[in-house]
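Go ahead and model the full structure; you've got the sequences and the hints to work with.
Going line by line, the protein sequences match chains H and W.
Position 110, counted from 1, in the first sequence is what my numbering calls 110; the numbers after and before it change by one each time, with no gaps.
Take any residue in the second sequence, count from 1 to its spot, add 284: that is its number in my numbering.
In short, the hints are calculated from the structure, not lab data.
Every value quoted in this text rests on a predicted model; they were computed, and no experiment measured them.
A virtual CB, placed ideally from N, CA and C, is assigned to each residue, including glycine.
It cannot be assumed that every hint is accurate.
Below, in silico cross-link-like pairs of lysine-lysine (BS3-like), each with a Cα-Cα straight-line distance of 25 Å or less [claimed, not checked]:
(1) W:K393 / H:K179
(2) W:K365 / H:K179
(3) W:K472 / H:K179
(4) H:K100 / W:K365
(5) W:K419 / W:K472
(6) H:K280 / W:K410
(7) W:K338 / W:K517
(8) H:K179 / W:K410
(9) H:K284 / W:K410
(10) W:K422 / H:K185
(11) W:K445 / H:K284
(12) H:K189 / W:K424
Chain W regions said to be covered by chain H (calculated; three or more residues, Cβ under 8 Å) [to be verified]:
(13) 360-374
(14) 396-404
(15) 411-418
(16) 447-455
(17) 462-468
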Amino acid sequence: MKQAKLIEEKIFKSLSGIATYSLIAILAFIIVVIFVKGFNALSFDMITKTPKGGYYYGGEGGVLNAIIGSLYIALGATLIAVLIGVPAALFINVHLVRHKKTQTTVRYFLDALWGIPSIVYGAFGFTLMLYLGMNASLLAGIITVALLIAPIVVRTFDEVLSKIPIGMQESVLAMGSTKTETAFKIMLKQGFPGLITAILLAFGRGIGDAASVLFTAGYTDLIPVNLDEPAATLPLAIFFQLSSPIPEVRERAYAAAAILTIIILIISLSARALSRRYSKTIIK
Amino acid sequence: MELVQAKVMTPSPLKATRHEKASVPSAISIKNLDVHAPGHHILKNINLEIPKNKVTVLLGPSGCGKTTLLKSLNRLTDLYKELNVTGTINIDGDDILNTRQNVADLRQKMGLLSQRPYPLPMSIYKNVAYGLRLKGIKDKKLIAHNIEKNLREVGLWDEVKDRLNTPANNLSIGQQQRLCLARGLAVKPLIILADEPTSALDPMSSSTIEKLFREIKSHYTIVLVTHILRQAKRLADNVVFMYYGEIIEQGAPDDIFKNPKTEKLRQYMLEGN
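In structure tokens:
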């Protein structure tokens, strides 16, 4: 019996270890493939120049338009998502704490919103854009991506806030804090490292999504200087270049993918450092 | 079944009540307090006078309603929609259950010390300053003076004076509990509500908290929830024994512990000892 338990323990440990390291291996494999395939096209020009004439036939230029466009859209959308998401998550955990049924229902709808495919957000954004008489633009892209990532911010931050013991909330309220003071001065502070994770996840989804910006942000070889101008994005740059029959252009698609990966890695590492810094004061 | 048996064995709470009608004025006067949860009558017609500047110990087995009674006193029961609280609780001349007074202002009259210390996610200094700032105190010198005074009052000043700006979570659990007490005292409450404040602490930290209670009790009305008999004996000026949501006996500790009138209290003491 003891021997059987020992074997069971070893099998489970091996299987779970294989599962964990397989995922890491897949990530490494993706990065290696992208970098190997895009290595020849990776150049300083790629990140400092916009596409010149004949770029899509292998001519000179880079994807600066898509890098800037992606950053504009992802940053703008993340800002809006945080402005909506933080009060929403605090509301769920401070004001709805007495209303468990409503709390559960709100969470259910937010989960449903999270699960909606991004092409549906794209279609909705497109309809909204037409209704408001807007053209495919940076603003339309920001709004659509914000709608896509707001549920991610709310639910991720909400999960963190829901883990804060009710005793902490009670202690603060017992001192004479209002619920708003409790939410913004204590809960936000205690959940701040989790909020950074939420922002990171939302930003990563926002910068990497192609379907939601396909009809709403449009595509241009220029860097947008106004919110009503169309904006190129890295996912669409990858999509357009990867569908090209010209091998040099396809290489550039992989190079653009490598740039997107690097941006996400930089954001991820900075967020981790920031999260660690703010974790020092949280109560465990 | 157990409840029925308890009812049979226990004389009427009114008959068993031996609360002295002493000259000590009441800080809290509770009348006909009932707390219902769906399918559960948590507190049953509680009538209680809590004497001013004394330690009143709420004693009883787990689940008898001690914490609910304590939370009713600062209306933390408001956080639980399923709880229906009726009756009157008079504090400082105001029926807090039916008052129009802002509940946040009301709660500033009472400090709460919970089972587990909950320091705020900020520095030691800011933890104590938080309550002062809530009271509208902005003068930095006054805040610093009060922080030192309150940290001294709980015997923490010498231990933390050189690291006031470090996070409060670096303190030991006993120090955290004293910090929470200092934070509570900083807002100058009339009453201190303590819900098993030593249950998560080691014996030395527990003894420090008890010593603190003895030192400050002449200035504050302390309501202490505990199920530790020895602690009740050491600290109480007034003991309230609760069982299944009812007050079974109450009175001076000597009276209660040496000469229990009800079988339930006798049994509880026997098992507790």
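| query | Taking 8 Å as the C-beta cutoff, is the stated coverage of the stretch 396-404 of chain W by chain H satisfied by three or more residues? | reply | With 7 residues closer than 8 Å to chain H, the stretch 396-404 of chain W meets the three-residue bar; holds.
| query | Would the pair K100 (chain H) and K365 (chain W) pass a check requiring their Cα atoms to be no farther apart than 25 Å? | reply | holds (9 Å)
| field | Hinted pair K445 (chain W) and K284 (chain H), Cα distance within 25 Å | value | Distance ~23 Å between K445 (chain W) and K284 (chain H) Cα, so the pair holds.
| field | Stated coverage of the stretch 462-468 of chain W by chain H [criterion: 3+ residues, CB within 8 Å] | value | The restraint on the stretch 462-468 of chain W holds, since 3 of its residues have a Cβ under 8 Å from chain H and three suffice.
| message | Cut-off 8 Å, C-beta pairs, minimum 3 residues; does the coverage of the stretch 360-374 of chain W by chain H stand? | response | holds (count 5)
| said: Count the residues of the stretch 447-455 of chain W whose Cβ falls closer than 8 Å to any Cβ of chain H, and tell me whether that reaches three. | reply: Answer holds; 3 residues pass the 8 Å Cβ test.
| query | Is it true that the CA of K284 (chain H) sits at most 25 Å from the CA of K410 (chain W)? | reply | holds (18 Å)
| field | Given pair status - K424 (chain W), K189 (chain H), alpha carbons within 25 Å | value | holds (22 Å)
| Within a Cα-Cα threshold of 25 Å, do K365 (chain W) and K179 (chain H) meet the stated pairing? | Distance ~15 Å between K365 (chain W) and K179 (chain H) Cα, so the pair holds.
| request: Verify the coverage statement for the stretch 411-418 of chain W against chain H, using a C-beta to C-beta distance below 8 Å and requiring 3 or more qualifying residues. | output: Result for this restraint: holds, n = 3.
| message | Need the status of pair K472 (chain W), K179 (chain H): alpha-carbon distance at most 25 Å? | response | holds (21 Å)
| said: Run the distance test for K393 (chain W) versus K179 (chain H): straight-line Cα separation, threshold 25 Å. | reply: Given pair K393 (chain W), K179 (chain H) holds - Cα atoms ~17 Å apart, limit 25 Å.
In this structure, none of the earlier numbered hints is contradicted; all agree with it.
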